[in-house]
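Asker: The listed protein sequences correspond, in order, to chains C and U. FYI, in my numbering the residues of the first sequence are 1 to 328. FYI, in my numbering the residues of the second sequence are 1001 to 1330.
Calculated directly from the structure, the hints in this document are not laboratory data. If you're wondering where the values come from, they're calculated on a predicted model, not measured in any experiment. Accuracy of the hints is not assured; some may be wrong.
[Said to hold, decoys possible] Which chain U residues stay away from chain C? Per the calculated CB distances, all over 10 Å, these:
hint : residue
1    : K1007
2    : F1029
3    : E1033
4    : C1041
5    : F1090
6    : Q1128
7    : W1140
8    : N1170
9    : E1186
10   : A1226
11   : A1248
12   : R1258
13   : R1294
14   : V1298
15   : D1310
16   : Q1315
[To be verified] Per label pair, the in silico range of CB-to-CB distance:
hint : chain 1 : residue 1 : chain 2 : residue 2 : range
17   : U       : D1025     : C       : R256      : 51 to 61 Å
18   : U       : L1062     : C       : L197      : 19 to 29 Å
19   : C       : G40       : U       : H1143     : 15 to 25 Å
20   : U       : D1025     : C       : P327      : 15 to 25 Å
21   : U       : E1055     : C       : G155      : 25 to 35 Å
22   : U       : E1184     : C       : G79       : 49 to 59 Å
23   : C       : P110      : U       : L1062     : 32 to 42 Å
24   : C       : L197      : U       : P1305     : 44 to 54 Å
25   : C       : R207      : U       : R1268     : 51 to 61 Å
26   : C       : G232      : U       : E1051     : 27 to 37 Å
27   : C       : A185      : U       : D1025     : 42 to 52 Å
28   : C       : T60       : U       : L1062     : 26 to 36 Å
29   : U       : L1062     : C       : A328      : 34 to 44 Å
30   : C       : L317      : U       : S1318     : 41 to 51 Å
[To be verified] With a cut-off of at most 16 Å between alpha-carbon atoms, the simulated EDC-like pairs for lysine to aspartate or glutamate come out as follows:
hint : chain 1 : residue 1 : chain 2 : residue 2
31   : C       : K198      : C       : E187
32   : C       : K135      : U       : E1055
33   : C       : K271      : C       : D287
34   : C       : K92       : C       : D316
35   : C       : K265      : C       : D210
36   : U       : K1046     : U       : E1033
37   : C       : K168      : U       : D1059
38   : C       : K37       : C       : E307
39   : C       : K168      : C       : D205
40   : C       : K168      : U       : E1055
Just so it is clear, CB atoms sit at the ideal spot from N, CA and C, and this is done for glycine as well.
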Amino acid sequence: MTAKPRLTHNHARRLLGQMMRIRVFEERCAELYTQQKIRGFLHLYIGEEANAVGTMEALTPQDSVVATYRDHGHALARGVAMGPVMAEMYGKAGGTSRGRGGSMHIFDRPARFYGGNAIVGGGLPLAVGLALAEKMAKGSGVAVCLFGEGAVAEGEFHESLNLAALWKLPVLFVCENNLYAMGSAIERTESETDIHLKAASYRIDSRRVDGMDVVAVEAAARGALEHIRGGGGPVFLECMTYRFRAHSMFDAQLYRDKEEIERWKERDPIKRFQTWALSAGLLHDSDVTALSAEAVIEVDAAVAFAEASPWEPLADLEKHVLMDKVPA
Amino acid sequence: MSAARRKTTYREAVRDAIREAMLRDPRVFLMGEDVGRYGGCYAVSKGLLQEFGEERIRDTPLSESGFVGAGIGAALNGMRPIVEVMSVNFSLLALDQIVNNAATIPHMSGGQFAVPLVIRMATGSGRQLAAQHSHSLEGWYAHIPGLKVLAPATLEDARGMLWSALEDPNPVLIFEHVQLYNMEGELDAAAGAVPISGAAIRRPGRDLSIVTYGGSLSKCLAAATALAGEGIEAEVIDLRSLRPLDDATIMASVARTRRVLIVDEGWRSGGISAEISARIVEQAFYELDAPPARLCGVEVPIPYPKHLEDASVPQAESIRAAARALVRPT
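Construct the entire structure; sequences and hints are all you get.
Answerer: Put into structure tokens, the structure is as follows:
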């Protein structure tokens, strides 16, 4: 694995800007949910932004991404335009999936973003298959699969790690370990709580990363991708992270105490990186002010886009159930 | 003009279909448990590893969900996988991938992604394999929008459906009845792709329609031959596709014969036979001279001993009796 990248001003600005725009987007989504503009489940990513931003920063356009139901941050970090993501949250025709998927199922073909998958563990076999096709076609892309530590208890996790290792496939497994599978703390569901050890038992290059440190995540992802592209087979990163908000908007959080949440908030990935970058002279106060304003402007525009977007016509209800052709 | 005919079996016809697909399209590969070195649990893929190598005839661990999902991912990323699952009972381990991913991703992504995947699996009873290897659950899959479900019952279809299924942009499940693999017959030397939509009338008749598919087709045809000796002419319809169903062919036949018997190895309750019966009642009620009749699997987990297994599913004799009762009620 390589050492921490040497950050330029622009690089630092981009990392902070990405995390901030995700944060502002998520906070706005929470408001829109209470206004009933967004319905169904809504799983906020607040607190975990460094994982998506650090990982996606290291990817190339040829790489593909498989995400979970907590996928807005992943999609935005991957470069999916915010307007269509917000319209998807609304269920509008201007959404990434023409509104059919909603918050848990963002798909975007140009970004090679293969969906928020809302079956825990269900995305891992897909990533294995994306990587298998890549290897068979002698492509250069890596399949990046993000999932929570809850997925580790699923059989599909073990089947997928075994297949990826057995066939030396170009897969980067990114486990976002936020310590809770919905309301179940990891020590209440796992006999081995060091998740990366499970991956290592499949002979996968595996390591634990501070998921509240965007630079550490990016460095780990870059190192991992180098290893994978060099033909070294899959890599597993366990990013130690924490969600600051409830699991979904229906969650009263009876299973964890406020002190624990406050302790983790002291490690807020945005505050932490911002403080460090300012003190290191990589960024100036004016950068932070500008980025903050830009994020609000972008989110405002995304909301306006979603509001203005039409609803999918009822006549198209059954469209795309069966496809006429494979999209080129 | 008579084309050259050659002797073959259902098993060889499926193998020839796989072989042709592998030769025609470099994106095609076969993946599943023991498809390579072992040659396939029903010997369908015997010899293909030697011909195409282990990259394209890919043995998998016993991870149905993992390798079916990998097939979906590979299809999303430009390949045309043929995934073999040993039996429909084992496919339940991959149900999440088939139902939650393959069938939903095209619609859930707003048409951005297609899943051009073929999953083949064995189905049905008759080999004394008991209650975890013998069931007919294809009707369950026929419940799922986004899937196509095929049941080749003839050598022509065993040989010809695979290529058309691979050319289809949607996930297609092909159910091969275990009792058909040894079926012998003659096939056109030039036999190739056949359409995968539409039912076929395998035997015309005026007195009743027998609607069936897969492993029950030959039993229905045998019953029809015997019935002819009694002066009853049965029309036998081979559904070929369970999803979509070819309503037009069924209704046209029923309108001619005015009586219909549906024969299905699957269980009666909530089965595909119930769906077919409901459609006939909805669309052809006033053409009928008698209520639609069904002969289905007895509602037990398929037992091991031969006499009990045989009694669990429709047989030529019970089909004949059911047809006679429908045409000549006592």
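Asker: Which hint numbers does the structure go against, in order from smallest to largest?
Answerer: 2, 8
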